[in-house]
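Enquirer: Listed below, chain by chain, are the residues.
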Amino acid sequence: MTIPLHWYLLVAAAMFALGLYGVLARRNAVAILMSIELMLNAVNINLVAFWRYLAPLQVNGQMFAIMVFTVAAAEAAVGLALIISIYRNRETVIAEDINMLKW
Amino acid sequence: MNLELLALLIPVPPLVAFFAILLFTRQSKRASDIVAVTAILLTWVIALIVFFSAIGMGPELGKHPIEASFVWLPFGGSSATSLTMGALIDPLGAVLLFFVPLTASMIFIYSTGYMASGHYWTEVKGEGDTHGHAGHGETHGHEDAHEVVVDTAGRRLTKTDATAWKAHFMAFLGLFAGGMLLLSVADNLLLLFIGWELMGLCSYLLIGFWHNRIYPNQPDRITPIGAGIKAFMTTRVGDMFMLAGIVWLYSATGTLSFRAILYNEATLEMLGEPWALIPALSVAGAISILIFLGTVGKSAQFPLHTWLPDAMEGPTPVSAMIHAATMVSAGVYLVLRFYPLISVGFEEHGFPLQMQIIAGVGAFTALFAATIALAQRDIKKVLAYSTISQLGYMVAAVGIGGYIAGAFHLMTHAIFKALLFMGSGSVIHAVEHGEEHAHHHGHHFPVDFDAQDMFNMGGLWKRIPVTAWTFLIGGLALAGFPFITAGFWSKDEILLDAYLHAPVVFWMLAAAAFLTAFYTMRQIGLAFAGEPRTSAAEEATQKDWRMNLPLVVLAFFAITAGFVGVHKDFPVLGTLFGGNPFKNFVGATLLEKPETPEFTWIVVIASILVSLGGLFVGWLVYVRKPLKAGQEDPLKRALGALYTLFENKYYFDEAYNFLFVRPSQWLAAQIYQVIDRGIIDGILHAIAFGTQWTAFRAKDFDTHVVNGGGDNLARGVGDLGDSFKYVQSGRIQQYLTVAIVGVLLLAGIFVWSLFLS
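If you read the sequences in order, they're chains R and E. Residues 0 to 102, numbered by numbering that gives the first Met the number 0, are exactly what the first sequence covers, in order. Residues 0 to 756, numbered by numbering that gives the first Met the number 0, are exactly what the second sequence covers, in order.
Please keep in mind that the hints were generated in silico from the structure rather than gathered at the bench. We treat Cβ as the ideally placed atom computed from N, Cα and C, and that holds for glycine. There's no promise every hint is true.
[Said to hold, decoys possible] Not the full set, but computed from the structure, chain R residues with beta-carbon under 7 Å of chain E:
1. 21
2. 23
3. 98
4. 100
5. 101
6. 102
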């Protein structure tokens with residue numbers, strides 16, 4: 000007995016929702032960055048699951064997943080660098096306090 | 000060069016000189032003199048060529064005159080009624096070509112000398128230190144010619160240079176001469192009228208030439224500017240009637256050409272029909288009366304004579320120009336030119352009404368003006384009234400059918416009267432110089448010292464001999480001194496015509512001739528005889544050749560010009576001088592040669608008697624016992640109240656002032672108040688007020704609606720931005736929340752729409 004596709008999809012949706020909540024609700028910028036990683040990985044589960052169930056003879060899904068990993072790694076690197084830079088200047092990583100770009 | 004072209008060219012040089020001086024040489028008096036004199040001499044040469052060619056043709060010239068014309072203004076629907084321009088030299092025109100350029104040239108040369116020095120009084124405008132004594136009216140301080148004095152009328156006066164505008168003077172003279180020559184050669188009435196009006200304008204400009212001159216202690220005396228206006232307005236009255244006559248003539252005949260009307264039996268006969276309104280008058284008669292009224296204005300005949308004596312306010316060469324060579328001659332020339340029209344009906348029924356009127360006006364003016372001349376003190380005023388009187392002679396001559404005699408007297412009078420005027424100018428100049436000299440030697444003159452007053456002269460014979468001799472010749476010619484002067488022969492001709500045709504006119508003219516001789520002798524006696532009555536006369540001097548030369552030249556012609564018109568039956572002289580060549584020549588101008596009046600001794604004796612009688616009485620009173628300084632005019636005691644009447648010119652100026660000038664001034668003031676100030680200004684003010692009101696409303700609209708709307712719109716947008724800017728909080732999680740809510744909403748709508756479909 001194989002596990003049906005929608006199970007994977009539900010797990011991915013749950014992970015996405017968790018990540019989204021983290022992005023919107025966490026105050027620590029590092030935690031927000033981690034939540035973004037969670038959302039990206041939820042997408043990766045979807046991609047891999049669709050590939051496995053719908054088009055197993057092609058490599059498109061895997062390629063997509065690899066691309067997303069790459070982007071996520073780059074994004075984490077840039078994001079962490081930004082946060083460090085902000086911390087050095089403002090001595091805070093709380094997202095609410097980093098609000099200089101406003102009216 | 001053919002003669003026709005030359006005839007057309009005659010008026011051109013002075014007109015060119017007018018423009019040349021005003022445009023190019025007005026800065027230089029000397030250059031302007033040269034331009035003006037060169038131009039008039041050139042004209043004289045051309046005129047002489049044409050004149051001698053015309054004389055060479057003799058009486059044939061009447062039938063085949065020198066004619067050149069071209070269509071100027073297509074008018075009246077057909078080529079026959081077009082207005083033309085052109086020149087016509089017939090025998091009468093040739094006579095003008097003899098004396099007009101001659102006298103004009105002499106006057107131009109004389110002017111260059113006359114206008115070269117002199118001063119007159121002007122009012123000082125504005126504030127300043129007043130030197131001199133108030134009310135005393137005496138000049139003092141020899142060095143300073145331009146000091147300020149105060150006269151009895153409280154005006155502050157100073158002497159100003161009379162020569163400042165000399166270049167303009169020469170230019171105006173040129174225009175004047177051009178106008179007269181245009182009139183002389185014109186072949187139609189319209190061109191003649193153009194020249195006529197040109198002269199009217201120039202007489203205004205020239206009489207008022209010393210435009211800022213006023214007379215100390217005489218606030219009521221007419222000033223040059225007033226005299227100019229008076230001359231212009233008075234002649235304008237005559238000109239209006241004349242213009243009416245021109246229009247009538249054109250509408251009756253369809254042409255204004257002299258030859259087509261006046262040398263054309265059919266036209267004259269047609270115009271001889273009785274006029275519908277007044278049957279006693281033919282159409283020709285009515286038209287000639289209208290045209291004659293032009294002459295009344297221009298030649299200063301009663302009742303429009305009052306401008307001419309006041310025209311003496313102009314510089315003396317102007318007086319010579321207006322009173323001798325040109326303007327007043329133009330008036331007489333006009334009636335002579337229109338003699339064929341005037342004399343329509345003359346042969347058949349005796350004198351027609353228009354001729355009676357013309358003769359009456361002329362004879363009355365001749366006598367009336369002569370009486371006024373008796374009592375004048377001003378040397379030029381005497382000549383002015385004598386001119387009016389002599390013009391009356393000529394007009395009367397035309398009125399009694401003495402066509403030849405009128406033309407003859409026109410010519411001789413122009414010459415000797417130009418001579419007399421220039422002589423009087425020379426006298427005035429001499430006395431003014433004498434005044435200046437005496438002033439330098441410590442003599443004091445009252446500010447109202449009048450260099451033209453003959454009672455300030457006396458004894459000038461020795462001081463200015465050239466002027467004295469030539470003035471004597473001119474005076475004798477005016478008085479008609481028998482046999483040797485031109486005036487005798489021409490006056491004799493008029494008297495002969497009058498004696499044969501109109502005895503009343505004869506007696507009036509003979510009386511006038513007596514008075515003329517008397518006042519001429521009075522003038523000569525007062526000015527030249529005896530001892531000087533003032534220090535100005537004592538030191539009088541005038542040695543300018545530019546003034547003396549014209550006097551000598553004109554004196555020569557004042558004697559010789561009369562010999563061409565001696566009656567052919569006059570013993571010895573008649574045949575000696577060729578049996579009246581003037582009459583044979585000029586008579587050819589008319590279709591029918593005028594008959595020669597029969598020679599009679601009675602008229603010759605009468606004219607010798609009145610002439611010598613008048614001169615003798617004048618000699619008795621003014622030369623045998625010359626006046627002493629301060630002595631009254633002996634005539635005053637002899638004539639009593641009449642003298643006052645003459646001296647005041649029969650109070651015509653006062654009467655005209657009361658009858659015409661004041662009412663028209665009053666009327667003008669009323670019209671100014673009611674029509675100009677009330678109606679025209681009222682309308683203008685209403686329009687202005689309305690416009691202003693509308694403009695203010697428009698301004699309000701602009702301020703409140705346009706500007707306000709714009710401002711409010713901008714402010715509203717700004718306020719809106721201000722209110723909504725807080726949306727940009729800088730908090731990234733809020734933004735994201737909003738974005739996600741928006742995405743969810745859109746997704747909801749999308750799903751909902753799927754359901755609906």
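Enquirer: Hint by hint, note whether the structure agrees.
Expert: Each hint, compared with the structure:
{"no.": "1", "hint": "21", "result": "11 Å, violated"}
{"no.": "2", "hint": "23", "result": "6 Å, holds"}
{"no.": "3", "hint": "98", "result": "3 Å, holds"}
{"no.": "4", "hint": "100", "result": "5 Å, holds"}
{"no.": "5", "hint": "101", "result": "3 Å, holds"}
{"no.": "6", "hint": "102", "result": "4 Å, holds"}
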